[in-house]
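Novice: Given next are the chains, with one letter for each unit.
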Amino acid sequence: MFAEHLLSVCIWLPIVGGIVVLATGGDQNATAARYLGLIFTIATFIVTLLLYADFNPHTAAMQFVENRPWIDAFSIRYHLGIDGISVLLILLTSFCTVLVVIAGWSVIQKKVGQYLAAFLIMEGLMIGVFSALDAILFYVFWESTLIPMFVIIGLWGGPNRVYATIKFFLYTFLGSVLMLVAFIYLYYQADRTFDIATFHQVQLGENAQILIFLALLAAFAVKVPMWPVHTWLPDAHTEAPTGGSVILAAILLKMGAYGFLRFSLPIVPDASHQLAGFMIALSLIAVVYIGLVTLMQDDMKKLIAYSSIAHMGFVTLGFFIFNTQGIEGGIIQMISHGFISGALFLCVGVLYDRLHSREIKDYGGVANRMPVFASFMMLFALANTGLPGTSGFVGEFLVILGSYQVNVWYAVLAATTLVLGAAYTLWMYKRVIFGAVVKDSVAALEDVTPREILFLGLLAIAVLAMGLWPFPFLEVMHVSVDHLLEQVATKKVI
Amino acid sequence: MFGSDIKTIYLAIPLASLAGAIIAGMFGWKIGRRGAHTAAILGVTVSFLLSLAVFKDVIIDGHYFNGPVYTWAVSGDIPFEIGLLVDPLTAVMLAVVTFVSLMVHIYTIGYMHDDPGYQRFFCYTALFTFFMLVLVMSNNFLQLFFGWEGVGLVSYLLIGFWFERDSAIHANLKAFLVNRVGDLGFLLGIALIYVSFESLDYAAVFAIAPQATVTTVEVIPGHEWNLITIICILLFVGAMGKSAQVPLHVWLPDSMEGPTPISALIHAATMVTAGVFMVARMSPLFELSDVALSVVIIVGTITALFLGLVAIVQNDIKRVVAYSTISQLGYMMVANGVSAYAGAIFHLMTHAFFKALLFLAAGSVIIALHHEQDMRKMGGLRKAMPVTYWTTLIGALALCGVPPFAGYFSKDAIIEAVHHSHLPGSGFAYVAVMSGVFITAFYTFRMVFMTFHGKPRMDEHVRQHVRESPLVVTFPLVMLAIPSVLAGGMYIEPMLFGNLFGSSIAVAPEHAVLAEMGRDYHGIGPFIAHGLQALPFFLAVAGIVIAWLLYIRYPDLPKAITDKLAFLHTLLVRKYFLDDFNEIVLAAGARKIGTFFWKVGDVNVIDGLAVNGTARVVRWVASIVRYMQTGYVYHYAFAMILGLFLLMTFFLRLT
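Protein sequences, first through last, are from chains U and Y.
The first sequence stops at residue 494 when you use this note's numbering, and every number in between is there.
The second sequence stops at residue 1149 when you use this note's numbering, and every number in between is there.
Since the hints were derived computationally from the structure, they do not count as laboratory data.
Hints are supplied without guarantee of correctness; some may be wrong.
[Stated by the list, open to error] Where chain Y lies over chain U, by a calculated footprint (3+ residues, C-beta under 8 angstroms):
| hint | region |
| --- | --- |
| 1 | 322 to 334 |
| 2 | 420 to 432 |
| 3 | 473 to 481 |
[Said to hold, decoys possible] Just some of the chain U residues that point at chain Y, by a computed CB distance under 7 angstroms:
| hint | residue |
| --- | --- |
| 4 | G81 |
| 5 | G157 |
| 6 | T231 |
| 7 | V293 |
| 8 | M296 |
| 9 | L387 |
| 10 | L398 |
| 11 | I400 |
| 12 | L401 |
| 13 | Y404 |
| 14 | Q405 |
| 15 | A415 |
| 16 | P470 |
Beta carbons: idealized from backbone N, C-alpha and C, even for Gly.
Make a model of the complete structure from these sequences and hints.
Specialist: Here's what the structure looks like:
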């Protein structure tokens, strides 16, 4: 019984957990809420580990499938299942949520129960997105994630949070509506079903494919985010509390990239090929243009947010060159970016909790007072520059190899991240961490606490493990990626 | 000699240093200074002893090894392996790297004695040794890149070791970024190898490459370029960054911001020679492209000559040695370019000894003078610091290429090799490396005279307290002075004319300059006798004598000369204005473009026009449309009837 519903457990355990945490009531029971939150996130993480342990990497078929009717009138089904592409994303989600709970432990003091509940519910919904095999179910999960994030930024966010939340909400909502239109069109084309696997089989004409591609693009590109629909992200990040930024960067953005793999590429392969040049151009603009913009940021969170856009450019670049290294590199980059951007936002959070500033100029010489913290942040900064031996290298390396096979100049432009990424990351590091202590506020800083060492240490292990031995991460996805490549290579135009 | 556990022994070489680094770094706070340096030195000592055993095993017993360690990743059809290659080239590098590293570690105990970052320093140096060993022991391009970026990382950390200093953290960022420009080329070269040969394994690539000599690639539409040439030049761009070749040398002088022991270890003896090593390692590829070899010759020559000139006008003792290092790296590159790879590695080895010696000796002077690096405030130190003086003298003579010191053999071999080469650019190179001898001798003895001879120019208080450095400092100096004298004579025969490198270096018959020289070689005695009558020797002596005249005999003359040649002097002092160009055009340019994209692209166009503009339009439309919500039922009813009418017309037309 348990084994058959493992995916449902992954989705509903944290959501139920969220409701339980909410039930603890006001902040007088904050400690209970924290422990409950921790227990539920760890339990979910363990369940996702079971999922990973039982996962069979030798088949492209969906695994842990659950399929039952939900809204019969429109043949909408509660249909779940995962393959080698989604399994890692689910693990990433449950891992990061545990860290967020630990990171918020003593920092969040008001409305603790609601705060933790929002993240728990968020976790379940995101796992739902990565495991839904029914388009409407997917859409419901996809849109629902907006609500907890809206609440997280709106309630625990910075001074400019109203502008940021509305921008975030409208941007992403607008895109998603077009996705729904595409789903409804596909519903009729697929003989009245929302089954994603059936969508994959539907024969579509050229124009229909292009329209569907663009409708889906509107939803996914905003989420990734791709240039030029990226401007909501820096605002959302700067206003979000640390935990919100971590989830936003580490997982929420991956939903958009995941969408390309689950929908755009297999459903409209011909349009994907036709518009690949356009997608690659947008991706390379993200790497180069955004790389240069990142250089000039003077708010640490904005800087990491822009850096995220540049790194996600590698993901979309990898997807639209349609070869093994490209797609696998893109997926690896998604996971790695989850670790690294999450870690960097947590680092900024550690500083913010102490000085309540995100401005680079308010720091300088932090290493003198916080040597352990400086070492951690050095590792994550280097990972962000794609240093070999850290996870940041693996994805970028594979995508560069992949794009070289398509066009030398794609690889050349993508590789500029070697210089740009190092420039913006290490320049920030220099101004924040290195130097002499000139400000009294910095002179009063205390080094990281054991709790902070715990979550930074876990991420450090993840970043190094994936960099030194990416083999097991890649191993689970080979068959699914090969299957996907076959789907993309099959012409659908009738 | 080792039997079946050979791979474990090989693995232990880098891992012993890594273990030392981890213990010193993570537990340094607990085990204290003594614990940290013991751990690091023990680790490096194990690496050193095993390297010596491997050296014997490979060179004397002829046991080569090439095999995988673990599969790093699989993507597509070709797995990416981490593996080891142990052949004579590796063995020589292992011995040189671990020996110099061990000496520097011992020296550091004395040099960094009072530094609060003592444990951290030992962690970094041992970590550096690990990465360098990974680099030289690699059997594939991927792992080469690992070690390559790894040593770059530690170099970055060590240049910025004193991170409170603005100059240090400026220098380390610069070093990292300039190296990344080189690595950009390097990585693209590796990618091109992967795409063209479907392997990143040295042996596999070298085996297939000869079949691809006529293959071309179209990088710019309509222009077919030779594949091997492109690969070699891209790889060489990486070498230009790491081995400080023009124009990517700009980071090396600034790297002197780091503590002196690492200037000796990283920025003279080992890391900066990684590029030279890499080109020698890739000899089977470079041999296939005369164009690439010519590029190597020309870049190396420019570096050797023009950066040597800059050394003449430096007053900071470490910067003299730094520019000298760049110039000598140029010599090594030229040797690679004329296919005298063995000569390049030979010079790499002797240079590692005498240049590490010169840096450590400079460090010995610097601490004796309480961190004074300006040679104008030195002078007359030879009496007070005899060990430092004599070892420096040995290093200086070796650097100038005076027989019978080690540098004579290696440098003379390079000059001869260039003379024998017929590749385009070798004529220019010959003139340059020859004049370089004079320049080298001049700046080197300018330094020796300004530091150890003449009148003391430091203030009285300092002068009275000058003492010879303690044993932990002088011991490594003596240990490095020994090979600086002997290594040349001992190894010239096996390395250059014997078959020491065996199959690890490939030379095409038409490029075999060393073999040609070997026919005229009749032992060390005649080689030295010949050297004493040849032009390079006279040039070196001339350089030393002129340095003596200018800085001891007529000390007012240099001022008069610089006044006469003010333009030239400024050009050299400003280092050909290359730093200014980089700062003003490249760095500031990138910042300007970044600001433009941000403020104009993101803020004004995307957010200003598209996003907030849409919001404004919506608000405007809403402000008009809201007048339609009048609240009167008959207005709504009318609208409904109108709508119904329109819809019905629409449907009727459809049917």
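Novice: Are the hints correct? Go through all of them and say.
Specialist: Going down the list of hints, with the structure as the test:
Judged by the Cβ-Cβ criterion of 8 angstroms, the region 322 to 334 of chain U is covered by chain Y as claimed, because 5 of its residues qualify and three suffice. For a cut-off of 8 angstroms, the count of residues in the region 420 to 432 of chain U with a CB near a CB of chain Y stands at 5, and the three-residue condition holds. Given as covered by chain Y, the region 473 to 481 of chain U passes the check, having 3 residues with a CB less than 8 angstroms from a CB of that chain where 3 are the minimum. With its C-beta approaching chain Y no nearer than about 24 angstroms, U/G81 sits outside the 7 angstroms limit, and its interface hint is violated.
Interface hint status for U/G157: violated, as the beta-carbon distance to the closest one in chain Y is roughly 19 angstroms, over 7 angstroms. A cut of 7 angstroms between beta carbons decides the hint on U/T231: the least distance to chain Y is about 5 angstroms, and the hint holds. Of the supplied interface hints, the one on U/V293 holds, with its beta-carbon coming within about 4 angstroms of a beta-carbon of chain Y, less than 7 angstroms. Contact between U/M296 and chain Y, as hinted, is supported at the beta carbon level, the nearest pair being about 4 angstroms apart and thus within 7 angstroms.
Nearest Cβ of chain Y to the Cβ of U/L387: about 6 angstroms, under the 7 angstroms cut. The hint holds. Evaluation of the U/L398 hint against chain Y yields a held restraint, the C-beta minimum of about 6 angstroms falling below 7 angstroms. For U/I400, the shortest C-beta to C-beta distance to chain Y is roughly 6 angstroms, which falls under 7 angstroms, so the interface hint holds. With a cut of 7 angstroms, the hint placing U/L401 at the interface with chain Y holds, because the nearest CB-to-CB distance is about 5 angstroms.
Interface restraint check for U/Y404: the shortest CB-CB distance to chain Y comes to about 4 angstroms, inside 7 angstroms, so the restraint holds. The beta carbon of U/Q405 comes within 5 angstroms of a beta carbon in chain Y, closer than 7 angstroms, and the hint placing it at the interface holds. Checking U/A415 against chain Y by beta carbon gives a least distance of about 5 angstroms; that is within 7 angstroms, so the hint holds. Checking U/P470 against chain Y by beta carbon gives a least distance of about 5 angstroms; that is within 7 angstroms, so the hint holds.
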